[in-house]
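Chemist: Below are the chains, spelled out letter by letter.
There are 2 protein chains.
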Amino acid sequence: MSIVVMKFGGSSVADADRIRAAASRAIKTRKQGHQVVMVVSAMGDTTDHLVDLAGQITPAPPKREMDQLLATGEQVTISLVAMALEAMGQPAISFTAGQVGMVTDDAHTKARIRSIDVRRIHEQLDTGRIVIVAGFQGVTEEGAVTTLGRGGSNVTLVAIAAALKADVCENYTDVDGIYTADPRIVPNARKIDRVSYDEMLELASLGASVLHNRAVEFAKKYNVPIHVRNSGNERKGTLIVSETQDMERIVVSGAALKDKLARVTMRNVPDRPGIAAKIFHTIASHKIVVDDIIQTTAPGGAATVSFTVDLGELADARKIVDKLAAELRCEVVYEDRLAKVSVVGVGMRVHTGVAERMFAALATEGINIQNITTSEIKISCLIDREQGKRALQLVHDAFELGGRKVKPKATRKARK
Amino acid sequence: MSIVVMKFGGSSVADADRIRAAASRAIKTRKQGHQVVMVVSAMGDTTDHLVDLAGQITPAPPKREMDQLLATGEQVTISLVAMALEAMGQPAISFTAGQVGMVTDDAHTKARIRSIDVRRIHEQLDTGRIVIVAGFQGVTEEGAVTTLGRGGSNVTLVAIAAALKADVCENYTDVDGIYTADPRIVPNARKIDRVSYDEMLELASLGASVLHNRAVEFAKKYNVPIHVRNSGNERKGTLIVSETQDMERIVVSGAALKDKLARVTMRNVPDRPGIAAKIFHTIASHKIVVDDIIQTTAPGGAATVSFTVDLGELADARKIVDKLAAELRCEVVYEDRLAKVSVVGVGMRVHTGVAERMFAALATEGINIQNITTSEIKISCLIDREQGKRALQLVHDAFELGGRKVKPKATRKARK
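Residue numbers (our numbering), protein chains in the order written: chain A, 119 to 534; chain B, 119 to 534.
These aren't lab readings, by the way, just hints derived from the structure by calculation.
Pairs involving identical chains hold if they fit within one copy or between any two copies, as the list cannot separate such chains.
Derived lysine-lysine pairs resembling DSBU-like cross-links, with alpha carbons at most 30 Å apart:
| id | residue 1 | residue 2 |
| --- | --- | --- |
| 1 | Lys376 | Lys339 |
| 2 | Lys376 | Lys396 |
| 3 | Lys396 | Lys441 |
| 4 | Lys181 | Lys146 |
| 5 | Lys181 | Lys149 |
| 6 | Lys181 | Lys396 |
| 7 | Lys405 | Lys338 |
| 8 | Lys146 | Lys354 |
| 9 | Lys339 | Lys309 |
Please work from the sequences and hints to get the whole structure.
Modeler: Structure below.
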């Protein structure tokens, strides 16, 4: 008998009706002859509510206690889902992470899974029950409750599917799947049928928020295909799978826009070994997440070190960099009106001219490129924020990602 | 170093301010040099909210899942209390029942404690931490979450205090202690300084709601003195302790009123062995709780079987008794406007004339007694509900339970 693991995010279990809908969907799968495991998140805005409660007590709650608190959100959902299934005549049993032996390290609020004892899940599946497992949480060897950090329920989904050697791993959300671009910005964005783990990783770090990177990394490591689909309809969603050769026929799979970026540029940095390390060590030690780094060295010897951060982190970064710049006697320029438009696709590895096509598309409307960063399967351009949304549409059209045909423009020549 | 176990009920941890107040109190005790364990309930109306959530899913939730759901209430409180303590500079750690090895049987929603593994509590106390334990919950040997039923947090308090051989066991509530009568009905009711376990057991089953019987039974069994006190002030409350000889000097410790009672009277019941057993077995098998039973047999042979139930149970009882009466060919009378006034005191064992004094007090205002039931330390009179509150005041005054002097009345003669 095949095993299907289905995960329902917070919006798919936000109230009694949606819990019943999720339960119905699981029962339907069960009736098709599969063994079914459900992984569920906290209902709707429960987690926000709990974070707010902690905030009323202290601005800096101990992480162990924060985890003890937050884990109650998923525990509420698992019991309600089990009740809904039983009320519909389907035997069911709920398990917290502790009850199912989901053992993690003790890095509270961002714990990593070490092992899962699936014996108890198999026992219950074999009696015909649907098993509901609390997402997002774990326990240490000593029994302390941990949480898995942002996107943690998806990590639970993939970990359970991998440990059970499940045949299908479904991630139910409130969208139809992964899109070629954010449909709120690009109206002709199209749902992608299949995307590779690596493409998904790039898209996720560029702002596509459906799946968090840790879950995708986990899925890639254990080769678990994830089917991202809409809990509100029966349509096929997006399959996130291992890369196959035919995927390379598609040059670009998706485009993304990361808005609200700021850039810090340090000029005349002494070009000595260890200077860049010092700069970024200092910044990292203040928990500031750096997006992209570009360093150039003039023939004379002094270097220009430039990096981007989320706009929200600029104020903090500024305090640190101002000090550093004084120490190193270099100039600093801060820019706070930037955005980054990117294209992602494993096909870039075998196709040439991708960068040129992207630059040409931006040039048609005079969008100035302020920085370029690339990986093997990604090209990103830093541009003025005002032009971000328009740039995403232009790039999306240039690679013909849209569902509808768009008129060819003069710049399409660049493709040739 | 002595160990103090302090329990804070739902109203004493209902919001962030009250959680901080409870934490301050615990810190004060810690600074006096004691090791401190806090047992806490769910915040305010959290449990009601969770019950309501389950009710939106199904009218008859599986008990295992109900326990999984309800236990989150206390888990939220323990983490918030630990956060509050840490924010005040006091090292603290929270434990769910599972984390502290509070093992129960698997009678979900009314589980009984089998064992507590106090090793982990001692370890943490020895590091100087305040330990916060979730009340009301347990785990089975297999790790399923259970709850201990009504008043369960007090059972946790007493069980933890007994297992730790604690020196002091404090139950913080929103009242000053146990009163000679309900102060909302009897304005001159006085706080009792000391009351025996047996008296408390009688008072609790007669409607004094501060402590549930199971907690008191547990305390009696392990001889744990409980100090019931107000979390809002520093006053001494009521000590619930083993009976001592000097307690018998006080004839009556308290008076109680159980309102909203109904009486079922079956007349001409065949006076054969096993008939009463059949009647009450049938009623119990329908989960109807019978209050008092009185059976009288006329010289002719037919018996009158009479019993009281909570008014809320009358409709259910009626359905069953009507059938039974038809089967046994006897008459039934239902009365739904009754109340029961009682006096309780270990002194009754050695003092005479207590019943007479009570009856005389009721007679002064023409209150008719419809049934009398007694135990070694209790006398109860069934009366008309309309007269219940007045009867409680009369009895309270007759035994001079009030704090203020009351004018002697003609009826006081009956005392002599």
